[in-house]
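Use these hints to put chain H onto chain F, whose structure you have.
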Amino acid sequence: MMRDITLGQYYPVQSPIHKLDPRTKLFGTVILIAALFVADNIFCYILAAAAVFAVIAASRVPVRHILKGLKPVLFLLIFSVIFNLFLTDGKVLVQFWIFKITREGILRSLLMAVRLIFLVMGTSLLTFTTTPNQLTDGLEKGLGFLKVIRIPVHEFAMIMSIALRFIPILVEETDRIMKAQTARGADFESGGLIKRGKAMIPLLVPLFISAFRRAADLAQAMEARCYHGGDGRTKMKPLRYRAADRISYVVMLAFLGADIALRVLL
Amino acid sequence: MGIIKAEDLSYNYIKLGEDEKTEEVSEAVRNVSIDIHAGEFVAILGHNGSGKSTLAKHMNALLLPTEGTIWIDGRDSRDEDALLAIRQTAGMVFQNPDNQIVAGVVEEDVGFGPENMGVPTEEIWERVDRSLEAVGMTAYRKSSPNRLSGGQKQRVAIAGVMAMEPKCIVLDEPTAMLDPGGRREVIRTVRELNRKKGITVILITHYMEEVIHADRIYVMDEGQVAMEGTPEEIFTQVERLKELRLDVPQVTELAYGLRKRGVPLSPCILDEEQLVKEILEVRAGNVHNA
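So the protein sequences, as listed, match chains F and H. First residue of the first sequence? That's 87 in our numbering, and the numbers climb one at a time after it. First residue of the second sequence? That's 17 in our numbering, and the numbers climb one at a time after it.
No lab work stands behind these hints, which were simulated from the structure alone. Every value quoted in this text rests on a predicted model; they were computed, and no experiment measured them. No residue lacks a Cβ here, since even glycine has one placed at the ideal position from N, Cα and C. Any given hint could turn out to be false.
The calculated DSSO-like cross-link candidates involving lysine-lysine, where the alpha carbons are at most 30 Å apart (straight line), are [unchecked claim]:
(1) H:Lys158 <-> H:Lys183
(2) F:Lys233 <-> F:Lys321
(3) H:Lys213 <-> H:Lys21
(4) F:Lys227 <-> F:Lys105
(5) F:Lys321 <-> H:Lys37
(6) F:Lys227 <-> H:Lys158
(7) F:Lys323 <-> F:Lys227
(8) F:Lys227 <-> F:Lys321
(9) F:Lys105 <-> H:Lys158
(10) F:Lys321 <-> H:Lys21
(11) F:Lys323 <-> H:Lys258
(12) F:Lys321 <-> H:Lys183
(13) H:Lys293 <-> H:Lys258
(14) H:Lys37 <-> H:Lys21
(15) F:Lys105 <-> F:Lys323
(16) F:Lys105 <-> F:Lys321
(17) H:Lys158 <-> F:Lys323
(18) F:Lys154 <-> F:Lys105
(19) H:Lys258 <-> H:Lys21
(20) F:Lys265 <-> F:Lys281
(21) H:Lys183 <-> H:Lys212
(22) F:Lys154 <-> F:Lys177
(23) H:Lys21 <-> H:Lys183
(24) H:Lys183 <-> F:Lys323
Quick look at which bits of chain F chain H covers, simulated, 3 or more residues with Cβ under 8 Å [claimed, not checked]:
(25) 229 to 238
(26) 246 to 258
Okay, chain F solo, but in the shape it has when bound:
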């Protein structure tokens, strides 16, 4: 049950996109974001749409599954469409009371919606095709240059991967404490927001104490196994670019170039 929860949204299928180096995928996401913000005419969007759908097809993640990921941003989407629709000046098409809809408004809100949709689809594609651990590794290595300005990249990555390992353990522990407290008469289910909030205290206090104890134990175990930060550390599974990654980089840069060209020329 609880110990089987999968973290993140990883969609486990075999595909060329799944096999890419996480750094490549991270870079691709950044390129897509950049391209969508550069885009300002219909051709740029067609290009972006073609690119996103091509990657989705290659990833073997069903489009329906990806569209489901749009649900949480639906509100934001509607919000921005309405604002752009009513608040853009231009040639008035329809007018009632104080509201007016302009030709520019329709165009702009449409483009804004498309931009947001592709943004969410592109970034969720990253999490669908990359496990949290790969993502952590990719961030550690990909952002390694930040070490020069004293940002502890390795430490952050280590914190993230340990958090990922301990989340299921702590979820299980929460479950256990909850049952133990329920057995002693604690009530987590009735009452208003404030009463329920207060009811969490007998759950959170033991959970925090246990989490701190685990942290102390783990720190000691890591020290005992010669952990001394990122210096001089080697990797059992180092990230290595393959031919597919190199080709991807070329394609991605060509895509960004084409996008910019379309904006400048048209």
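Just chain H now, kept in the frame of chain F:
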């Protein structure tokens, strides 16, 4: 000099009193001198709070002695430059299996130690293969540790230490949180490493059943070594062990009682089977040569 040698080792915990000004010093370990030889299987027995875990943490330089000295393979634990070498020589397995596994995949966790030591990638893989093989966990190498049983997790933890290729493994109550099946599993693994690979094993525990096969036993009480000897020498002193608040196994106690009443049993009986066998022998009239 043995692989681990302590001389007059003392360790004090200092804690603040209620008013947060006065310091209370509690002596966890007092004047302990031990000498453990390469290849030995040594058990350290003691009830809770006897100082056995504190002593164990000195063998890995996780704690440094307040007084006295401990040498690990000839290196003084206070020598900061030797710290990593010491931790590599004497690997340590802890009580809680969940709190010592770092990675989310078994094989990656086993590779954690060698990664920290800066071992080249190909060699890490070889070491991981060998270590998982040695503890019999190769089949689970791609699993998440969360799906393993307690005994399996401890075997992974042992493999993690083995991958550092230590000369000696210190196990600090590795079975305290396991069920009887898991306990046997871990002890069997440790014994095999000792016999087949010649690894020095220091097993800290309060379960006497686990130390029957040890070469030598130290019994600790109130921070001091109270008894020292072979299992036979230790287990024949049932009354002394009870004084030291150790749970003598029921069969041992029964055998001890019978022996005191004149039933000719061997002096060191630690499991039911052995007792039943000897009682049957006595009934059959073959008087034991005890």
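- Ascending list of hint numbers which this structure does not respect: The structure breaks hints 5, 10, 11, 14, 22 and 25; every other hint is satisfied.
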